[in-house]
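J.: Listed below, chain by chain, are the residues.
Protein chains: 2
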Amino acid sequence: MIDKLIEGIKKKNAPIVVGLDPMLKYVPEYIITEKFNNFGKGIKGACEAVLEYNKGIVDAVCDLVPAVKPQIAMYEQFGPEGVLTFKKTVDYCKEKGLVVIGDVKRGDIGSTSEAYAIGHLSSVEIGGDYYEGFNEDFATVNPYLGSDGIRPFLDVCRKERKGIFILVKTSNPSSGEFQDRLIDGIPLYEHVARKVDEWGSDLLNADGSYSYVGAVVGATYPEMGAALRKVMPKAYILVPGYGAQGGKGSDLKPFFNADGLGAIVNSSRGIIAAYKQDKYASFGERGYADAARQAVIDMQQDIASALG
Amino acid sequence: MIDKLIEGIKKKNAPIVVGLDPMLKYVPEYIITEKFNNFGKGIKGACEAVLEYNKGIVDAVCDLVPAVKPQIAMYEQFGPEGVLTFKKTVDYCKEKGLVVIGDVKRGDIGSTSEAYAIGHLSSVEIGGDYYEGFNEDFATVNPYLGSDGIRPFLDVCRKERKGIFILVKTSNPSSGEFQDRLIDGIPLYEHVARKVDEWGSDLLNADGSYSYVGAVVGATYPEMGAALRKVMPKAYILVPGYGAQGGKGSDLKPFFNADGLGAIVNSSRGIIAAYKQDKYASFGERGYADAARQAVIDMQQDIASALG
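Protein chains in written order, with this note's numbering: chain A, 1 to 308; chain B, 1001 to 1308.
Errors might be hidden in some of the hints.
Stated by the list, open to error - EDC-like cross-link-like pairs, simulated, lysine to aspartate or glutamate; straight-line CA separation at most 16 Å:
1) Lys1044/B x Asp59/A
2) Lys1248/B x Asp1298/B
3) Lys1041/B x Glu125/A
4) Lys1025/B x Glu81/A
5) Lys1088/B x Glu81/A
These are calculated hints, taken from the structure and not from any lab test.
Construct the entire structure; sequences and hints are all you get.
T.: Below, the structure is given as structure tokens:
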């Protein structure tokens, strides 16, 4: 799957993943009104509105980007119906040929971590047959519990040829509270990065250039990105924090390898709610998907000019 | 909700939470056969079997224990239908008067963490009205992302009078890989514990003895439990790792305060799959719920004698 991701990035010249993190306040009124009329005002109507909104964006950007990253929290807030909408979103994106990174930040131990890995990246055995749960292509994983939490994901990745992105240095202001603390003179995030390199060392793609085991490093910390790029040269870096969180195109170069690969940059709000920005206001709410498309094109140019 | 938990622990003389982590291999064959016959062999049949199995256990133990802790991973592996089964389990346990700790180990930042907090502990706003997602009483939370990930949960806990248990020192063998590393001479888990104490300092129960913000510390590390008990005196400690993972009753004393309170011990497999142990084999698979009840009684005695 890492090869499919790399191929998509090359073909579309876009190391970009669109974050499908739909807050209800982003969804245009006309969609909400229609869905409330058809499905009632409530959880079902809201979820149908979210799904329609997502589909519009996916249709508008699927020829431009290789991947999407639905954030499951935004669906989980609606309970079981929301989680079903997450699954429908995953399925729709896969139908459109996109690589789907489930931003689930799961992490537990032993059989529990295995259950998460099965649910998100593989299929569950029921009486000798196998059934699909969510079946994303990649998942994000939290490392706090150590190798016991990661190994079940590695086993599933090996079997399914899928991948994970492990949280190393997150994009938020307080990420340093624990992640930056020095242990034997080296920040915790770098200790985690060294383990990412180790965990991924025997899970390499066809030409051995990149691993199934990637890392999350925030665009808001470019100097750390530069250091971490060297610590885990074969890890694909998923870079959140571009756009709405303050990361700029000019911050991104350190996250890439000399081959021009090795990183994929996420933008969520900046794309999916572009029509709410002054810059794209002329699209109007009925043009929300076209606004998203234009925001992707602008992001593509921003990154291309930064990478030179 | 922390007061309801404490009251239940006192009344039932049982600082015990039953982990509802149903693996399909624990579910008696007769239940699986019946549900496959009625709902088909597949996800739906499996989920109905899990729900029936859970209900049997809950019915058998609800007068003995104050709380249950469904582990969402075990449901999530079945996809959306599994997550619906998690919700049905939560609802059933609440109907029976039990405090429900959602073992979800979520953790993200800003509006994303807020979405998790809303989904699991509060209700989501849709056009001015509020709708329930999963609505557990407590949730477990991962601290790796720092305060940005925790604060949205604190806000929701304050509003709803609910609580969280933050992962401090987990029960698994490799938990020390990151958690035990020394930062300024103090292990990472203790730095997290200090923050737990701080985060919970203005979220106290009616008599000011305990906080809405608790911690997870594994029974497998009693000496660390003793140190952590002092670092966060007002945090309730959720103690996993008893039983199947190797923690013994005699290990538990350090987790409690002098008032005999301050900790609640989880057992999952050791209770819900008791009928598969030699010790409880005489109950047979049709007696799985009675076996679970007996295992709770034995655990209660083990803890009582350890606490003196």
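J.: It remains to establish, for every hint, whether it holds in the given structure.
T.: Status of each hint after checking the structure:
1. Lys1044/B x Asp59/A: With a Cα-Cα distance of about 31 Å, the restraint between Lys1044/B and Asp59/A is violated, given a limit of 16 Å.
2. Lys1248/B x Asp1298/B: holds (12 Å)
3. Lys1041/B x Glu125/A: Given that 16 Å is the threshold and the Cα spacing comes to 11 Å, the pair holds.
4. Lys1025/B x Glu81/A: violated (27 Å)
5. Lys1088/B x Glu81/A: holds (13 Å)
Checked against the numbered hints above, the structure violates hints 1 and 4; every other hint is satisfied.
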